[in-house]
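Keeping the supplied structure of chain A fixed, place chain B upon it in accordance with the hints.
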Amino acid sequence: MELPLLHLALVGTPNSGKTSLFNALTGSRQKVANYPGVTVERKEGFFVTPMGRQVSVVDLPGTYSLRGRSPDEEITRDFVLGKATGETVPDLVLCVADSTNLRLTIRLLLELKRTGRPMILVLNMFDIASRRGITVDVERLAKELGVPVVTSIAVRKGGTADLLALTDEISAKLATEPQENSWRALSVSELRATQREADRIIADCVSLPASPDTWTARIDAVVLHPVGGLIVLTLILFVMFQAVFAWAQPAMELLKSGFDALGELVQATLPEGLLQSFLQNGVISGVGSVIVFLPQIILIFLFILLLEDFGYMARAAFLMDRIMGGAGLHGRAFIPLLSSFACAIPGIMATRVIDNKRDRLTTILIAPLMTCSARIPVYTLIISAFIPAKDVWGFINLQGLVMFGLYATGIVSALAVSFVIKFFMIRDYTPAPFMLELPDYKMPRLKSIAIGIYTRAKMFLQRAGTTIFSMMVLIWFLASFPQPPAGSTEPAIDFSLAAMIGKALAPLLAPVGFNWQIAVALIPGMAAREVAVAALGTVYAIEGGKEAAEQIGQVLATKWSLATALSMLAWYIFAPQCASTLAVIRRETGSWGWMGVTFTYMLVLAYAASLLTYNVAVALGAG
Amino acid sequence: MTDTTDTRSHMPLGLAQRGYTGVIQHLAAKQAGSALSDVELESRLIELGFVEGARVEILHEGLVGRDPIAVRVDNITIAVRRREAMAIIVA
Chain A
1 MELPLLHLAL VGTPNSGKTS LFNALTGSRQ KVANYPGVTV ERKEGFFVTP
51 MGRQVSVVDL PGTYSLRGRS PDEEITRDFV LGKATGETVP DLVLCVADST
101 NLRLTIRLLL ELKRTGRPMI LVLNMFDIAS RRGITVDVER LAKELGVPVV
151 TSIAVRKGGT ADLLALTDEI SAKLATEPQE NSWRALSVSE LRATQREADR
201 IIADCVSLPA SPDTWTARID AVVLHPVGGL IVLTLILFVM FQAVFAWAQP
251 AMELLKSGFD ALGELVQATL PEGLLQSFLQ NGVISGVGSV IVFLPQIILI
301 FLFILLLEDF GYMARAAFLM DRIMGGAGLH GRAFIPLLSS FACAIPGIMA
351 TRVIDNKRDR LTTILIAPLM TCSARIPVYT LIISAFIPAK DVWGFINLQG
401 LVMFGLYATG IVSALAVSFV IKFFMIRDYT PAPFMLELPD YKMPRLKSIA
451 IGIYTRAKMF LQRAGTTIFS MMVLIWFLAS FPQPPAGSTE PAIDFSLAAM
501 IGKALAPLLA PVGFNWQIAV ALIPGMAARE VAVAALGTVY AIEGGKEAAE
551 QIGQVLATKW SLATALSMLA WYIFAPQCAS TLAVIRRETG SWGWMGVTFT
601 YMLVLAYAAS LLTYNVAVAL GAG
Chain B
624 MTDTTDTRSH MPLGLAQRGY TGVIQHLAAK QAGSALSDVE LESRLIELGF
674 VEGARVEILH EGLVGRDPIA VRVDNITIAV RRREAMAIIV A
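Residue numbers (the working numbering), protein chains in the order written: chain A, 1 to 623; chain B, 624 to 714.
Next up, chain A with everything else stripped away, as it sits in the complex:
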């Protein structure tokens, strides 16, 4: 008889290794979505137990208690209590603990027990605990807590075998009648009593060595040094951006020549005409010019995931707290803002860790100013076409330096906008508290990182395959129809719908140095910033014929002045050109108004920055 799907839920404090356990259990069989009505990320994965039971496991947001003081924590509470909309009550709750740090998890577990859900305490990272000389009397702990306890090493092959066996054993005899739920929010004195109880149990069952993790102490001595720490942080960011620009080049060129070859193949095999033009100019050069940026996106996520897994992100927040505080930002905003370098959408969603509404709103408003990976294609294209690839001061790549400058401008503008918001909107206010655990450093694990990168790369490619592809088809259509009258000598695109739209917008954009081709490219760029590159490619390909399609950069170098190129870079630092980001802002703030504010202020800044850049450049002779 086929048993029904077994529903597991992972609960734990932040940094308990919950996510690496989730990855170890499910591998790449994961589904990421949102809980209905809120933008809390819902991570579900699937696996089969040794006895053949099909299991669904949900990785719930990390929390220190069931009080639910943020949307994330409310989800965890409601899910465990079976109150989350559209969710099944979990059959079994896995409470995940970092074995080197049991105090806070044992307290959480004592609170969780009151919900009456069947539960297992998973002592994760048990290898690290053993290495540090921490010994746990597992049997006694289970007896004291009244909950089965199992050890696991999520990052090692076979490290979850005991957990799987226990899951089988427990699920075979799970009671079907509903259990008593006696949970209610704890008062301060109950909370204190629970922590006392937890400390008593730990004193009875766990022996701790006197010395803390020496490696963490040694690294922190440098990394959290008031001055040295900031230097290290700057170096890390600098290496990250040099890497994204320089190291990704070989892989990108490989991809590019692959797409070029494919385009030539299509050109050689198909007869000249609409189908050939559609495949070569619309599909291959359009989608190809976006997919080429996959190596850079993988690199930036690699850095972010590595720093996160290593435990550095919390340190960065610590270092930046007061400095960002000067601009009216909370230290916790650092992580969402850093994620926004990959994409503003996860960044804006990550602002949920900021529990103060004003701090959160400010962070949401400025997150789109962080240079997201979708801008990289635009920046790269223009930089490689207009900025010479020479070294300055012997070792710094000039192109990398310009890239760094663009990122820096984004950051400085974000801080300035935040300062203005603080000044005008939020007078006389007490800063929200900054309280954050600084976890011990851990060696990042390849498998976890690989799964993380794989999920993100898949999302990017899906976007390239759907949104970007359909936009490219639309652009190709606009740029190809109506067809030029027979016998005309001018480029075909001059007769198209795209030219009409572009030329209608051109007078508005002329003061900032944009021609009508750019105006055409900016429209589909609303769907996703990187589409602008492909759109430029399509527009110039159809205009200039086959040779042009192969080297967008070289074409731009001949068609644009340096002033126009610089103006375009300035535009892209600020332009609110991403419909998905705007949609997320609306959802997260629950207001069309804030979305409108974001759109307007960014557009105004973009126009002003381009206007200034263009005119200064022209005045300096770059027109």
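Honestly, the hints are just simulated from the structure, not real lab data. It cannot be assumed that every hint is accurate.
Stated by the list, open to error - With a Cα cut of at most 30 Å, we get these calculated DSBU-like pairs of lysine-lysine:
1) A:Lys447 / A:Lys458
2) A:Lys422 / A:Lys43
3) A:Lys113 / A:Lys43
4) B:Lys653 / A:Lys357
5) A:Lys43 / A:Lys173
6) B:Lys653 / A:Lys83
As the list claims (entries may be wrong) - Covered stretches of chain B (chain A as the covering partner; in silico rule of three or more C-beta atoms under 8 Å from a C-beta of chain A):
7) 650-659
8) 668-674
9) 680-691
10) 702-711
Note that the structure is a prediction, hence the values are computed from the model and not measured. Glycine residues also receive a C-beta, built at the ideal position from the N, C-alpha and C atoms.
Chain B only, in chain A's frame:
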């Protein structure tokens, strides 16, 4: 508390220097001037392990105003601003 052997006077952790070690005597959320309500601040401090009897040590300080501070609480490290640390009375 019944800690009669301690000759040092009680002080808020928020005033302590880097390198300070001590034991938490009690929590006084009212003294902190935090944006959080007293109950909320006290709850959060307890949830991060700041309970009576816990050993604390200030490991690191930030650059601006020597704030925030990284505090070792028994065997974990918590970053907290001095403003909130005023609620933690140590000796």
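Query raised in the report: Which of the listed hints are broken here?
Result: The structure breaks hints 2, 6; every other hint is satisfied.
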